[in-house]
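Make the full structure from the sequences, and use the hints.
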Amino acid sequence: MPSPTKNPHLPFGDQRSAPWYGKDIISVKQFSRSDLEYIFGVAHEMRVMVERVGTFDLLKGKILASIFYEPSTRTSSSFIAAMERLGGNVININEVRYSSVAKGESLPDTIKTLECYADVIVIRHPELGSAAKAAEAAHKPVINAGDGVGEHPTQALLDAFTIREELGRMDDLTVTMLGDLKYGRTVHSLSRLLSLYNSRLHYVSPEILRMPPEIIAELEAKGMRQTEHRTLDQALPETDVLYVTRVQRERFESEEVYESVKSAYVLDKNIMSAAKSKMIVMHPLPRVTEISTDFDDDPRAAYFRQMEYGLYVRMALLAMVLGKA
Amino acid sequence: MPSPTKNPHLPFGDQRSAPWYGKDIISVKQFSRSDLEYIFGVAHEMRVMVERVGTFDLLKGKILASIFYEPSTRTSSSFIAAMERLGGNVININEVRYSSVAKGESLPDTIKTLECYADVIVIRHPELGSAAKAAEAAHKPVINAGDGVGEHPTQALLDAFTIREELGRMDDLTVTMLGDLKYGRTVHSLSRLLSLYNSRLHYVSPEILRMPPEIIAELEAKGMRQTEHRTLDQALPETDVLYVTRVQRERFESEEVYESVKSAYVLDKNIMSAAKSKMIVMHPLPRVTEISTDFDDDPRAAYFRQMEYGLYVRMALLAMVLGKA
Amino acid sequence: MPSPTKNPHLPFGDQRSAPWYGKDIISVKQFSRSDLEYIFGVAHEMRVMVERVGTFDLLKGKILASIFYEPSTRTSSSFIAAMERLGGNVININEVRYSSVAKGESLPDTIKTLECYADVIVIRHPELGSAAKAAEAAHKPVINAGDGVGEHPTQALLDAFTIREELGRMDDLTVTMLGDLKYGRTVHSLSRLLSLYNSRLHYVSPEILRMPPEIIAELEAKGMRQTEHRTLDQALPETDVLYVTRVQRERFESEEVYESVKSAYVLDKNIMSAAKSKMIVMHPLPRVTEISTDFDDDPRAAYFRQMEYGLYVRMALLAMVLGKA
Numbered sequence: 001m002p003s004p005t006k007n008p009h010l011p012f013g014d015q016r017s018a019p020w021y022g023k024d025i026i027s028v029k030q031f032s033r034s035d036l037e038y039i040f041g042v043a044h045e046m047r048v049m050v051e052r053v054g055t056f057d058l059l060k061g062k063i064l065a066s067i068f069y070e071p072s073t074r075t076s077s078s079f080i081a082a083m084e085r086l087g088g089n090v091i092n093i094n095e096v097r098y099s100s101v102a103k104g105e106s107l108p109d110t111i112k113t114l115e116c117y118a119d120v121i122v123i124r125h126p127e128l129g130s131a132a133k134a135a136e137a138a139h140k141p142v143i144n145a146g147d148g149v150g151e152h153p154t155q156a157l158l159d160a161f162t163i164r165e166e167l168g169r170m171d172d173l174t175v176t177m178l179g180d181l182k183y184g185r186t187v188h189s190l191s192r193l194l195s196l197y198n199s200r201l202h203y204v205s206p207e208i209l210r211m212p213p214e215i216i217a218e219l220e221a222k223g224m225r226q227t228e229h230r231t232l233d234q235a236l237p238e239t240d241v242l243y244v245t246r247v248q249r250e251r252f253e254s255e256e257v258y259e260s261v262k263s264a265y266v267l268d269k270n271i272m273s274a275a276k277s278k279m280i281v282m283h284p285l286p287r288v289t290e291i292s293t294d295f296d297d298d299p300r301a302a303y304f305r306q307m308e309y310g311l312y313v314r315m316a317l318l319a320m321v322l323g324k325a
Numbered sequence: 001m002p003s004p005t006k007n008p009h010l011p012f013g014d015q016r017s018a019p020w021y022g023k024d025i026i027s028v029k030q031f032s033r034s035d036l037e038y039i040f041g042v043a044h045e046m047r048v049m050v051e052r053v054g055t056f057d058l059l060k061g062k063i064l065a066s067i068f069y070e071p072s073t074r075t076s077s078s079f080i081a082a083m084e085r086l087g088g089n090v091i092n093i094n095e096v097r098y099s100s101v102a103k104g105e106s107l108p109d110t111i112k113t114l115e116c117y118a119d120v121i122v123i124r125h126p127e128l129g130s131a132a133k134a135a136e137a138a139h140k141p142v143i144n145a146g147d148g149v150g151e152h153p154t155q156a157l158l159d160a161f162t163i164r165e166e167l168g169r170m171d172d173l174t175v176t177m178l179g180d181l182k183y184g185r186t187v188h189s190l191s192r193l194l195s196l197y198n199s200r201l202h203y204v205s206p207e208i209l210r211m212p213p214e215i216i217a218e219l220e221a222k223g224m225r226q227t228e229h230r231t232l233d234q235a236l237p238e239t240d241v242l243y244v245t246r247v248q249r250e251r252f253e254s255e256e257v258y259e260s261v262k263s264a265y266v267l268d269k270n271i272m273s274a275a276k277s278k279m280i281v282m283h284p285l286p287r288v289t290e291i292s293t294d295f296d297d298d299p300r301a302a303y304f305r306q307m308e309y310g311l312y313v314r315m316a317l318l319a320m321v322l323g324k325a
Numbered sequence: 001m002p003s004p005t006k007n008p009h010l011p012f013g014d015q016r017s018a019p020w021y022g023k024d025i026i027s028v029k030q031f032s033r034s035d036l037e038y039i040f041g042v043a044h045e046m047r048v049m050v051e052r053v054g055t056f057d058l059l060k061g062k063i064l065a066s067i068f069y070e071p072s073t074r075t076s077s078s079f080i081a082a083m084e085r086l087g088g089n090v091i092n093i094n095e096v097r098y099s100s101v102a103k104g105e106s107l108p109d110t111i112k113t114l115e116c117y118a119d120v121i122v123i124r125h126p127e128l129g130s131a132a133k134a135a136e137a138a139h140k141p142v143i144n145a146g147d148g149v150g151e152h153p154t155q156a157l158l159d160a161f162t163i164r165e166e167l168g169r170m171d172d173l174t175v176t177m178l179g180d181l182k183y184g185r186t187v188h189s190l191s192r193l194l195s196l197y198n199s200r201l202h203y204v205s206p207e208i209l210r211m212p213p214e215i216i217a218e219l220e221a222k223g224m225r226q227t228e229h230r231t232l233d234q235a236l237p238e239t240d241v242l243y244v245t246r247v248q249r250e251r252f253e254s255e256e257v258y259e260s261v262k263s264a265y266v267l268d269k270n271i272m273s274a275a276k277s278k279m280i281v282m283h284p285l286p287r288v289t290e291i292s293t294d295f296d297d298d299p300r301a302a303y304f305r306q307m308e309y310g311l312y313v314r315m316a317l318l319a320m321v322l323g324k325a
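Chain order of the listed sequences is A, B and C.
Numbering (our numbering) for the first sequence: 1 to 325.
Numbering (our numbering) for the second sequence: 1 to 325.
Numbering (our numbering) for the third sequence: 1 to 325.
Don't take each hint at face value.
Intra- or inter-copy, both count: the list cannot distinguish identical chains.
Capping the alpha-carbon separation at 30 Å, the derived lysine-lysine pairs in DSBU-like fashion look like this [stated by the list, open to error]:
id	residue 1	residue 2
1	K324	K222
2	K60	K112
3	K133	K269
4	K262	K6
5	K29	K182
6	K262	K112
7	K324	K60
8	K29	K269
9	K6	K278
10	K269	K182
11	K182	K60
12	K133	K182
13	K222	K60
14	K6	K269
15	K182	K112
16	K324	K182
17	K6	K112
18	K133	K60
19	K222	K112
20	K269	K112
Calculated directly from the structure, the hints in this document are not laboratory data.
What follows is the structure in C-alpha cells.
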C-alpha cells in the first residue's frame with residue numbers, strides 16, 4: 001500500500017494542507033467521484049493556463065525523476081512536458097537495462113537513490129505491483145505510469161478528462177468500447193472510473209476478446225448498465241463516446257480467423273456516418289489501421305486532442321502531489 | 001510542401017507579424033539571398049548575446065520536441081544547447097526504435113502527438129522527404145535536422161554563416177571544396193547557398209567522387225563560376241574558404257585505389273603553407289584523418305568555431321519560427 | 001596534466017578571482033587538506049540551501065555537457081540533479097556508441113565540439129587517463145566522473161563529505177573498509193583522502209582481495225596507521241566508519257572458495273550489535289546482498305544519505321569551477 005502522505009520538499013511549509021500533498025498515484029481504485037472532480041478542476045485550470053501563457057513557474061525548483069523500465073515515448077514525453085510547462089526540471093532515465101539494475105540492484109534501492117535527487121518519481125515498470133512497491137520504498141510521492149498488466153491510472157484519468165472536457169459531463173453518457181476488451185488495460189481502467197458516474201456501457205468485441213467477466217461483475221455490482229455486442233451497428237447510433245482499441249493479429253489462433261473479424265473493428269468515414277454529429281471518437285494511440293486516417297479531420301475525432309488532455313492531467317497530478325494545487 | 005504559416009503558442013499574439021513566425025525549415029531551396037541576410041543578422045545577434053550574457057530568456061516557456069530517428073549527437077546537442085541558451089525547454093527523443101514507431105505508428109501520427117506537448121519540432125530521419133511529410137502533418141513549425149540523402153539545411157546555413165562571420169562577406173570569394181563531393185550532402189547544400197552570391201567554386205576530388213553533374217548544371221544556370229580539379233595545388237593559393245570533407249575507404253573499389261589517392265585529400269601544416277594567411281579551413285566534423293591535428297592551432301582552422309556558429313544559427317531559427325525574432 | 005585555469009563563460013568577469021574558477025577536477029591527488037575543507041564548506045552551504053529552498057539560480061544560464069561513454073545512471077543522475085538544483089541546464093549524452101565516436105572521432109575532437117555548446121563538461125570513460133586527456137583538449141573545465149581503473153574523484157569527495165557531515169570531523173577516526181579492497185576503486189581513493197587527516201584504517205578482506213601493497217606503502221609513508229584483518233570481529237567494536245564494498249563471485253577461482261568466505265563480508269542487524277551506537281555504515285551502492293535490508297532502518301545506515309551528500313558535493317564542484325563559489 002502506498003503511504004497516505006509523504007514529504008516532498010516544502011520550503012515554506014504552508015502547502016501541507018493541500019489535499020493531495022505527498023500522496024502516491026498508483027491505481028484508479030484510489031479515486032472517489034469527488035477526487036475525480038477535484039483532479040478535473042485542476043486539470044482544467046492547467047488547460048486554461050497553458051492556452052493563455054504556455055508555461056508558468058508553479059513547480060519551479062522541483063525535480064521529477066522519470067524512470068522507465070520499459071520504453072513508452074508517448075507517456076514519458078507527456079510527463080516531461082508536464083513538468084517543464086510548470087517550470088520544473090526532469091531527470092529522465094530510459095536506459096534502465098544498463099543501469100544499476102543490471103548490476104542486481106533491487107527496485108526499492110533504486111527508488112531510494114532517486115529520491116535523494118528528486119522531489120517526485122514517475123515509474124513505468126513491466127511487473128504488476130511494482131509501482132506500489134516503489135511507493136512503499138519512497139519518502140517522496142510516486143506516480144504509476146503503467147505497471148505491466150496492472151494499471152496505468154494517468155491514462156484512465158486523461159481518458160475520463162477528455163470525455164469531461166469534450167462533452168461537458170460524465171453522467172448520462174453512452175460509452176461504447178470497441179476492439180480488444182480482454183487485454184486492453186485502458187478500457188478496464190476507464191470503465192472503472194465511469195462506474196462512479198451514471199452512464200451506460202456497450203462492449204463491442206470479437207468473442208475471444210470479450211470484456212473479462214470479473215470486470216463486468218464488478219461494475220454490475222456498482223449498478224453500471226452494460227451490454228455486449230459482436231458488431232458496432234446497434235450501439236453506434238446512440239453512442240456519445242466511442243473508445244477504439246487495437247485488435248492484434250497475435251491474439252487469434254489463425255490468420256483466417258483474424259481476417260474474418262477484423263473489418264468489423266476498423267472505423268472509417270463511411271461507418272461513422274451512422275453516428276451522432278455530437279459525439280467523440282477516442283483511442284489510446286498508437287493507432288495502426290483500426291481508425292482510417294480519412295476520419296482524422298472530422299471534428300468528432302478526439303484522439304489527438306486526447307493526448308493534449310493527458311498533458312493537463314499530468315500537470316495537475318504533479319502539482320497536486322507536490323502540494324501546489 | 002510545408003505549410004506557409006503555422007501556429008506555435010503565442011500568448012500575447014503580437015508576434016504574428018514576425019516574418020518567419022510559424023514557418024517550417026525544410027530545404028535550402030526555400031531561402032532567398034535576403035532570407036539569408038535576415039537569418040545571419042539574427043544569428044549574429046545571438047552570438048553577441050551569448051558572448052555577453054551566456055543565456056537569455058527569449059524562449060522561456062517554449063518547448064522543443066527533438067526527435068532523432070537516427071543518432072547524431074553533434075546536431076542533437078547543438079539544438080538542445082540552442083533551446084536552453086534561449087531559456088526554453090527540450091523533450092529529447094533518441095530511442096525511436098523502442099517507441100510507438102516500433103508498434104507501427106505512422107510518422108504523421110507521431111508528429112501529431114509530439115505537437116500536443118511542444119511548440120516546435122526538430123526531426124532527423126533517414127528517409128528522403130520525411131521532414132516535409134512531418135511538416136505537412138504538424139500545426140507547429142518543423143525544422144529538418146537531416147533527412148537521409150535529402151537535406152540538412154541547418155548545416156548549410158551554419159556553413160554559410162561561418163564564412164560570413166569569419167570573412168565578413170559572402171560575395172567575391174573563392175571557395176574550394178575538397179574530398180568526397182559526390183556523396184557529401186553538406187557540399188551540395190552549401191554550393192546551392194553560395195549560388196545566391198557572386199563567388200566562385202573549385203571542386204577538388206578523386207574522379208569517382210566528383211561533384212554530381214546535375215548540381216554543376218544547376219549552379220551553371222545561376223551563373224556560378226565552377227572549376228574541377230584532381231589535386232589541390234592549383235586552387236589552394238587563391239582559396240578564401242577550403243571546405244574539407246572525408247574521403248571514405250568504402251567508396252573505392254579496392255584498398256589499392258584508395259591508398260593511391262587518399263594522400264591528395266589529407267591536409268596538414270605543410271600543405272597549408274601554400275595557402276593565403278587570411279583564409280579559413282572548414283569541415284563538417286567528425287574529422288578522422290583528413291585534417292592533421294598539427295593544423296588545429298592555426299588561426300585559419302575554423303572547424304571548431306564552425307560548431308559554435310551552428311549554435312547561433314540554430315538559436316536564430318528557433319527564435320524566428322516561434323515569432324520571437 | 002589538466003591546465004590550471006580555464007575560461008568558462010563569465011559575463012561580468014568579476015569571479016575570475018574565485019579560487020577554483022576554471023579548474024579541472026581529475027584526481028583526488030590534486031586536493032590538499034585545505035582544498036577539502038573548502039569543498040566541504042561549499043557543499044555544506046549547498047545542503048543548507050537545498051534543505052531551505054530546494055533549488056536556487058546560482059548557475060542560471062550555464063550549461064553542463066554530461067558525456068558518459070559507459071552507463072552509470074546513479075552518477076549521471078546525480079550530476080544532472082546538481083546542475084538543475086543550481087538553476088543550470090544539461091546536455092545529457094549517454095548513447096555514445098551511436099555518436100560521432102562510432103564514426104572514428106577522437107576524444108579531443110568530441111570534447112572540443114561539446115565545449116562549443118556548454119560551459120562545463122562531465123565525462124565518464126572506461127579508459128584510464130581519458131579524463132585528463134579530455135581536460136587537456138578543453139578550454140572549459142572538465143570533471144572526471146570515473147575513468148576506468150583510474151579515478152572517480154567525486155565519489156571519493158562525497159564519501160569524505162559524508163563522514164564529515166555525519167560525524168562532524170575527519171580526524172581521530174577509526175575507518176574500517178570491508179570486502180573487495182583490491183579492485184574497489186572507491187576504497188583506494190577514500191583512503192588517499194583520509195591520509196590527509198589523522199585517522200586510522202582497518203582493512204578487512206579475503207586474502208585474494210587485499211588492499212594493494214603499493215597503496216599501503218603510499219599511505220604508510222604519509223604516517224597513516226593501517227591494520228589488515230581477515231574478519232570483522234576485532235575491528236568492528238572500535239569502528240567509527242564502516243565502509244562496505246561488494247565481494248564479487250567472479251573474483252574467486254571457484255564457487256566453493258567464494259561460498260566459504262562470503263558470509264564473513266555480509267552485514268546484518270545481528271553483526272552490527274557489536275558496533276558502537278554512534279558510528280556509520282557506508283556503501284558506494286548499488287548494494288546486492290552485502291548489507292541485509294533489515295539494517296536499512298538503523299540510524300547508523302548512512303548509505304542512502306551518502307547519495308544525498310553526493311548531490312551537495314557535485315553542486316559545490318560545479319559552482320566552484322564555474323567561478324560561482
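How the hints compare with the structure:
1. K324 to K222: neither (33 Å within a copy, 54 Å between copies)
2. K60 to K112: both (23 Å within a copy, 28 Å between copies)
3. K133 to K269: between (45 Å within a copy, 23 Å between copies)
4. K262 to K6: Neither. Shortest intra-copy (48 Å) and inter-copy (37 Å) distances fail the 30 Å Cα cut-off.
5. K29 to K182: within (19 Å within a copy, 52 Å between copies)
6. K262 to K112: between (46 Å within a copy, 26 Å between copies)
7. K324 to K60: Classified as both: same-chain Cα gap 11 Å, cross-chain 21 Å, threshold 30 Å.
8. K29 to K269: So K29 and K269 fail the 30 Å test inside a copy (36 Å) and across (37 Å) alike.
9. K6 to K278: between (43 Å within a copy, 28 Å between copies)
10. K269 to K182: Only inside one copy: K269 and K182 sit 26 Å apart there, 47 Å across copies, limit 30 Å.
11. K182 to K60: neither (42 Å within a copy, 45 Å between copies)
12. K133 to K182: Classified as within; 26 Å inside a copy, 36 Å across copies.
13. K222 to K60: neither (42 Å within a copy, 48 Å between copies)
14. K6 to K269: Intra 49 Å, inter 27 Å, cutoff 30 Å: inter-copy only.
15. K182 to K112: between (36 Å within a copy, 28 Å between copies)
16. K324 to K182: neither (38 Å within a copy, 50 Å between copies)
17. K6 to K112: within (13 Å within a copy, 37 Å between copies)
18. K133 to K60: The answer is within: 28 Å in one copy meets 30 Å, while 36 Å across copies does not.
19. K222 to K112: Neither: 39 Å inside a copy, 38 Å across copies.
20. K269 to K112: between (51 Å within a copy, 20 Å between copies)
Comparing the model with each earlier hint shows violations of hints 1, 4, 8, 11, 13, 16 and 19; every other hint is respected.
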